[in-house]
Structure formats: structure tokens, C-alpha cells
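Residues 91 to 331 (our numbering) are what the sequence shown spells out, left to right.
These aren't lab readings, by the way, just hints derived from the structure by calculation. C-beta: ideal position from N, C-alpha, C; glycine also. A few of these clues could be false.
As the list claims (entries may be wrong) - Here are the simulated lysine-lysine pairs, BS3-like style, with alpha carbons at most 27 Å apart: (1) LYS236 / LYS222; (2) LYS184 / LYS276; (3) LYS317 / LYS151; (4) LYS309 / LYS222; (5) LYS276 / LYS236; (6) LYS163 / LYS236; (7) LYS299 / LYS276; (8) LYS151 / LYS309; (9) LYS184 / LYS109; (10) LYS317 / LYS236; (11) LYS109 / LYS182; (12) LYS317 / LYS109; (13) LYS222 / LYS151; (14) LYS182 / LYS163; (15) LYS317 / LYS182; (16) LYS317 / LYS299; (17) LYS109 / LYS222; (18) LYS184 / LYS163; (19) LYS163 / LYS309; (20) LYS222 / LYS184; (21) LYS184 / LYS151; (22) LYS309 / LYS109; (23) LYS151 / LYS182; (24) LYS317 / LYS184; (25) LYS182 / LYS309; (26) LYS236 / LYS182; (27) LYS276 / LYS309.
What the hints assert, rightly or not - Taking CB as the label site, the calculated pair distances span: (28) GLU165 / MET140: 30 to 40 Å; (29) PHE174 / ASP263: 29 to 39 Å; (30) LYS182 / GLY110: 29 to 39 Å; (31) GLY179 / ASN262: 26 to 36 Å; (32) THR180 / ASP296: 15 to 25 Å; (33) SER149 / GLU255: 23 to 33 Å.
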Amino acid sequence: MPSIDVCFSPELLHLYELKGKAVVAVDILRATSTMTTAFAHGATQIFPVMQLEECLAFSDKGCLTAAERDGQKAEGFDLGNSPFSYMNGTVKGKDIAITTTNGTRAIRLSEDAEEIIVGSFLNLSTVVNHLKELQLDVIVVCAGWKGNFNLEDTLYAGALAERLEGEFTFANDATLAALYLYRSAKADMFTFLQQSSHVQRLLRLDITKDVAFCLEEDKYNVLPVWKEDRLIDLLAKSAEA
Numbered sequence: 091m092p093s094i095d096v097c098f099s100p101e102l103l104h105l106y107e108l109k110g111k112a113v114v115a116v117d118i119l120r121a122t123s124t125m126t127t128a129f130a131h132g133a134t135q136i137f138p139v140m141q142l143e144e145c146l147a148f149s150d151k152g153c154l155t156a157a158e159r160d161g162q163k164a165e166g167f168d169l170g171n172s173p174f175s176y177m178n179g180t181v182k183g184k185d186i187a188i189t190t191t192n193g194t195r196a197i198r199l200s201e202d203a204e205e206i207i208v209g210s211f212l213n214l215s216t217v218v219n220h221l222k223e224l225q226l227d228v229i230v231v232c233a234g235w236k237g238n239f240n241l242e243d244t245l246y247a248g249a250l251a252e253r254l255e256g257e258f259t260f261a262n263d264a265t266l267a268a269l270y271l272y273r274s275a276k277a278d279m280f281t282f283l284q285q286s287s288h289v290q291r292l293l294r295l296d297i298t299k300d301v302a303f304c305l306e307e308d309k310y311n312v313l314p315v316w317k318e319d320r321l322i323d324l325l326a327k328s329a330e331a
């Protein structure tokens, strides 16, 4: 029986063996939620990169560029990190290069894994079903905030653990902790997270609607997966085949 483990920060990834395993990279507020939304609204490929300069260079290749630092859109880029800015038809049929404070880093630092899946509450069931099909050991890599633990990514790890319980073993107490937190919060995650550091940060930027949206479960049936140097929607590619 495969297992599920939780890495609370990319800074802890050196403690985990990624080879042969499936990583679910998660940055609920907001990078992986935004990537999921972008694919749901017709984006073709997403290039997650770690540096602003590297991201901006993708404009020469015909990509839209998206960048966020400290919760705000970086100057000189086409898009920021709000999922709502990806819903107006701008990204349909487009490739996107994106860099964010935490989420893109979690993805790129997980490249030794057998498979990297982008997870969010918005595509929770799709991710769960894919993990059940893969039958690989799973590590949920929480993006956190600048290397620190955060609640929202941990709640997502707990949601995955609850959905996989009975078919996956729990590798250690990190998985149990995430599960218990999610069960405490799931009736009203928005209220549960009101005092969390990143929600407070986003509220100060008047981004309340982004927080509520990113906590919606199973809104989209998309499956962003890392292939060589980019993310693709695996379900869209399967439909084309």
C-alpha cells in the first residue's frame, strides 16, 4: 500500500527522498490555485520559474508573463497572482511564464520526483483520483511563506490525507497533524483561517475574494503536471490524444 507524507516547507525537502515518488506541490494562496484556474480557462502551458528576470525573458518567446512578490503583482508583467485575472479570456490558447514568492519555488525544488502534480482545493478530487491511479508514495510539498509553515497549505494536505485514508498509509505524524487540522477546519475554512498570517496579509491588500475562491473544493477538472520544463494539463492532453 502506498503512503502519503507531508513536507511543511520546501526548506525541509532535503529530509525527503523524492525519487520514485509523486509530489503534490501546493500553494493555496495563491499560486497553485491560480495555475489551476489558468488551465481551466484555456491556458496551454505554464512555465514556473524562480526569478523575475527569467520570467520576463519568456515574453520574447510569445508567452504571457505573470509575477507576484509579497502578495502583489510585480511591475512590468502581464498578470499577477489573482485567479480572477485569468478568467477574462486573456489566457485562452496562451503559454504563461509565472514566478511567485513561494509556489513556483516549491515546484522547481521538487524536480527529483517521479511526478509533480499541482494541487489546489479547486481540483482536489481530480488530484485524489490521479494519485489513486498512480499508486506511488506521495509527498505533499507545502509552499508555506518564505520557508515558514502556513496553515492553508497544511489544510490542503489534510484534505488529501482524508480522501486517501484507507488506501494509503500515513508515513508519519506530519500527515496526522495535517489531517486533524483539516477536520477541525473543514466546516468553515474561511473563518478558520482568518487569523492566519497569509490571510491577514492578503486582507490588508483587500484580496478577500481571492481567499474565499481559493478555498472552494472541486470547482475544476484539470490536472496540472510537470513535464520536462513546464506544466501541462494532463487531462486536456489525454483528450487530444
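Hint check against the structure, violated hint numbers in rising order: 1, 2, 8, 9, 11, 13, 16, 20, 22, 26, 28, 31, 33
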